[in-house]
Amino acid sequence: MLRKTLLVFVLGVLITPVLFAQVYLTRNGTIRFFSEASLENIEATNRQVSSALNIENGEFVFRLPMRSFAFEKALMQEHFNDNFVESHKYPNASFEGEIHGFREADLLSGEEIEVMVEGELTIKDVTKGITERGTLRMEDGDILGSAVFVIKPEEYNIRIPTRYVRNIASEIEVFVDVRLSDKL
Amino acid sequence: MKTWKIVLLAVVVLGIIAALLVYFLVYNKPHPDYATMDPDMELPAEQLYRDFVNDEQRAHERYNGKVLQVQGQLAEVEQVDDMVILSFVFEEGMFGGEGVRCTMLESYKEEALSLAAGTHVTVKGFCTGFTGSDVILEHSSIP
Chain F
54 MLRKTLLVFV LGVLITPVLF AQVYLTRNGT IRFFSEASLE NIEATNRQVS
104 SALNIENGEF VFRLPMRSFA FEKALMQEHF NDNFVESHKY PNASFEGEIH
154 GFREADLLSG EEIEVMVEGE LTIKDVTKGI TERGTLRMED GDILGSAVFV
204 IKPEEYNIRI PTRYVRNIAS EIEVFVDVRL SDKL
Chain S
1415 MKTWKIVLLA VVVLGIIAAL LVYFLVYNKP HPDYATMDPD MELPAEQLYR
1465 DFVNDEQRAH ERYNGKVLQV QGQLAEVEQV DDMVILSFVF EEGMFGGEGV
1515 RCTMLESYKE EALSLAAGTH VTVKGFCTGF TGSDVILEHS SIP
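Protein sequence lines, in the order shown, are assigned to chains F and S. Residue 54 is where the first sequence starts when you use the numbering used here, and the numbers rise one by one after that. Residue 1415 is where the second sequence starts when you use the numbering used here, and the numbers rise one by one after that.
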């Protein structure tokens, strides 16, 4: 189903009157999250993030395998996959949307520009709208994109058992970093 | 020493041992050593890719979270930052060559970098899923 969603989006990107070269891509973007709670801080990083950005109209898509999040502690990684996000039932997360106020010409200066990112984030079986600030910068022909946003696990049907409430924050910071290229 | 003191001391010592065991074997247990694990399945890389393309949900149930050993003709050896990735390619798509991408363990990077495209290779790795274009194997090694 998610593959179909991605394909529909990608086709949409291509069918619009733009050239193929105007789509910037990566297969190894990074999404990291950080939870700060009273008993411990938890951090996990996923470096298997696929992403496409149409610089003609600002539309973008992210897709990532949930099981690719790497934790320092093996036990926490097991709990994350088996109990919290249920990677066996919901193997991917995705984020699709648009960068507002985005103009290709703004990037050519090489300066970092601040943008508004609006889209729909799907984790498990829940899709919610998100609007956050992000930055874009052109470097050596690639586009570097970054954004930070906060999600609440409970809003995505991620139930934290009572015994872990002091281990896991109710609000999780998510950091997105991608280097998008027009040639992979 | 009085009996109750001996019992108390034994309880304390056993409690400390139990706490240490829980700390090291459960809370701080190490990540699996994927390079020495026996694969759950062995199959051609192309079959793995086609199974995900044809029926993603079923393929996730079958392969996701498993250690897989795949064989095929190597298409590319890629370096992305500090990652070394061996790619098997079976289709051309939005992302260029699409297929199975194996991110190598640190101790296998050098060997992976020495491989030439076109070589028939066997790679073992932990399947973390499908990005819509590629099947991902992580913690990969060359058995």
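Check the hints yourself; a few may be wrong.
Here are the simulated DMTMM-like pairs of lysine to aspartate or glutamate, each with C-alpha atoms no more than 20 Å apart in a straight line [claimed, not checked]: (1) K1443(S) x E125(F); (2) K126(F) x E226(F); (3) K126(F) x E1456(S); (4) K1443(S) x E93(F); (5) K126(F) x D1469(S); (6) K1480(S) x D1496(S); (7) K1480(S) x D135(F); (8) K142(F) x E1456(S); (9) K142(F) x E125(F); (10) K1443(S) x E96(F); (11) K142(F) x E224(F); (12) K177(F) x E1475(S); (13) K177(F) x E1470(S); (14) K1443(S) x E149(F); (15) K142(F) x D1469(S); (16) K1443(S) x E224(F); (17) K205(F) x D159(F); (18) K1480(S) x E224(F); (19) K177(F) x D235(F); (20) K181(F) x E149(F); (21) K205(F) x E109(F); (22) K1480(S) x E1470(S); (23) K142(F) x D1465(S); (24) K1480(S) x D195(F); (25) K1480(S) x E1456(S); (26) K142(F) x D1447(S); (27) K177(F) x E1456(S).
These are computed hints drawn from the structure, not numbers from a lab. Since we're looking at a predicted model, the values are computed, not measured.
To see whether the hints hold, each was checked on the structure:
1. K1443(S) x E125(F): Holds, because 10 Å separates the two Cα atoms, which is no more than 20 Å.
2. K126(F) x E226(F): Holds, at roughly 19 Å.
3. K126(F) x E1456(S): violated (28 Å)
4. K1443(S) x E93(F): Holds, at roughly 16 Å.
5. K126(F) x D1469(S): Outside the cut-off at roughly 33 Å; violated.
6. K1480(S) x D1496(S): Distance ~24 Å between K1480(S) and D1496(S) Cα, so the pair is violated.
7. K1480(S) x D135(F): OK: K1480(S) and D135(F) at ~14 Å, within 20 Å.
8. K142(F) x E1456(S): violated (23 Å)
9. K142(F) x E125(F): violated (23 Å)
10. K1443(S) x E96(F): holds (17 Å)
11. K142(F) x E224(F): violated (23 Å)
12. K177(F) x E1475(S): holds (15 Å)
13. K177(F) x E1470(S): Roughly 16 Å between the alpha carbons, so the hint for K177(F) and E1470(S) holds.
14. K1443(S) x E149(F): At roughly 37 Å apart (the allowed maximum being 20 Å), E149(F) and K1443(S) break the hint.
15. K142(F) x D1469(S): holds (15 Å)
16. K1443(S) x E224(F): Judged against 20 Å, a Cα distance of about 27 Å means the pair is violated.
17. K205(F) x D159(F): violated (33 Å)
18. K1480(S) x E224(F): Violated, because 31 Å separates the two Cα atoms, which is more than 20 Å.
19. K177(F) x D235(F): violated (30 Å)
20. K181(F) x E149(F): Holds - the C-alpha atoms of E149(F) and K181(F) are around 11 Å apart, at most 20 Å.
21. K205(F) x E109(F): Not satisfied, since the Cα-Cα distance of roughly 32 Å exceeds 20 Å.
22. K1480(S) x E1470(S): Judged against 20 Å, a Cα distance of about 15 Å means the pair holds.
23. K142(F) x D1465(S): holds (17 Å)
24. K1480(S) x D195(F): violated (35 Å)
25. K1480(S) x E1456(S): holds (11 Å)
26. K142(F) x D1447(S): Not satisfied, since the Cα-Cα distance of roughly 25 Å exceeds 20 Å.
27. K177(F) x E1456(S): Distance of about 29 Å is beyond 20 Å: violated.
Of the hints listed earlier, those the structure fails to meet are numbers 3, 5, 6, 8, 9, 11, 14, 16, 17, 18, 19, 21, 24, 26 and 27, in rising order.
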